[in-house]
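The listed protein sequences derive, respectively, from chains F, P and Z. The working numbering puts the first sequence at residues 1208 to 1367. The working numbering puts the second sequence at residues 1208 to 1367. The working numbering puts the third sequence at residues 1208 to 1367.
The hints are simulated quantities; they were obtained by calculation from the structure and are not laboratory data. Any given hint could be a false lead.
No copy labels: a pair is met if it fits in one copy or bridges any two.
In silico DSSO-like links for lysine-lysine, alpha-carbon gap of 27 Å or less [said to hold, decoys possible]:
hint, residue 1, residue 2
1, Lys1265, Lys1283
2, Lys1304, Lys1271
3, Lys1271, Lys1305
4, Lys1300, Lys1275
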Amino acid sequence: MTMNNEKTTIVLFSGELDKAIAAFIIANGAAAYDHDVTIFFTFWGLNALRKDEKVFVKKGFLEKMFAKMMPRGANKLGLSKMHFGGMGPKMIKHVMKKHNALSLPELIELAQEQGVKLVACTMTMDLLGLQKEELLDGIEYAGVAAYLGDAADAKVNLFI
Amino acid sequence: MTMNNEKTTIVLFSGELDKAIAAFIIANGAAAYDHDVTIFFTFWGLNALRKDEKVFVKKGFLEKMFAKMMPRGANKLGLSKMHFGGMGPKMIKHVMKKHNALSLPELIELAQEQGVKLVACTMTMDLLGLQKEELLDGIEYAGVAAYLGDAADAKVNLFI
Amino acid sequence: MTMNNEKTTIVLFSGELDKAIAAFIIANGAAAYDHDVTIFFTFWGLNALRKDEKVFVKKGFLEKMFAKMMPRGANKLGLSKMHFGGMGPKMIKHVMKKHNALSLPELIELAQEQGVKLVACTMTMDLLGLQKEELLDGIEYAGVAAYLGDAADAKVNLFI
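This is chain F alone, in the form it adopts within the complex (with noise of 0.2 Å):
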């Protein structure tokens, strides 16, 4: 990453499969494009960078709440609309294997490869008492002054 590239940020606020699936749409095609892409995970966004597994962490009782109450990771997501209890979720995820499409895991996977900077935001993880191990590895931490930062050098500037 230069200096000169282009730059693209996306605030991944919403917890739902189908709009996280966008996000690393157009986040891996940025990059793909030598963009320097940044995705701020925020509020429920969060949730697609839970690791799949539990993990034991010291927690008070809300914080507990919340991370039952919330998916555990981008293979748990639901659907902005027509979830069905989970039938959505489903539907999606077989046709996108159908037509080789990536996964969102694989999508995921794909951004890290290609760079993109994937960030936590600090503030909701405390809200949410969400802790750094129960996120992916090799992602950032910072806080709204870091995304401002990057949006007001960027060319596209996305909150979805």
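Start from chain F and add chains P and Z according to the hints.
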């Protein structure tokens, strides 16, 4: 459209009436100021481009199910809030008529007249099993690369 | 505010507590870096600007129904996720207090102190039957043209 016009792009991801109306009001406003405007329809946003009438095309089982479950065209979209089993959209349509606001089908027509580029995302068309015959005439077809090309040149880029 | 400041615009379309908080955190952050920031409130986003108390204004039947069904002010908004009949917002407010995070009404106050321009979309005010007396003091009123003028000059434009 010359090369010197300012550019505006909108990704319409959402399939709801209120969000589609917001997208087209912004797009038509920008076009009125001589911006080159592109709306890129992806995921549920594609439903706003579906023709009203049933179009007979050969489809697999899942594609038929998606086609059945998703709203067919701009007149059938629901609301993101206060849908109330369809009463919400009726109320909104009623007050829009009362205030002489353009309906969504009229906003789409105006956009086409003003030269707003309506682009259907071919990747999600594949996933959802939507075929060109089922979508409005006069639209374009492209993938995420084309969107990124437009967005990198634009001043205003929104994800709706 | 001078002409040389960087500009940031946010369209707040959504009427949910979590999205409104995200919008105001970004807006206040940008204002702290001396950006000229405008939040343009449209559709359900207008509910964040409603006064807490009931305001008596003359309205038609549909307008009365909208006024009843929509949340009255920043304290009454629901969550986009895990609303659970109002328990979710209570949990979020509780953890925000515990972490000394500003509440939404406090974030709005801070934004006004920092000179963030809060603009109510007059077109959707008409549609939803909201009148100036019902909205917070010290805000501005404009249409989509004013928004587009601001957005065309801004580096960061988000739709939330």
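Hint-by-hint comparison with the structure:
In this assembly of identical chains, Lys1265 and Lys1283 lie within 27 Å of each other by CA distance solely inside one copy; the values are 23 Å within and 32 Å between copies. Taking identical chains as interchangeable, the C-alpha atoms of Lys1304 and Lys1271 lie at most 27 Å apart only when they sit on different chains, with a minimum of 17 Å there against 34 Å within one chain. In this assembly of identical chains, Lys1271 and Lys1305 lie within 27 Å of each other by CA distance solely across copies; the values are 15 Å between and 37 Å within a copy. In this assembly of identical chains, Lys1300 and Lys1275 lie within 27 Å of each other by CA distance both inside one copy and across copies; the values are 23 Å within and 18 Å between.
This entry satisfies every hint, going by the numbered hints stated previously.
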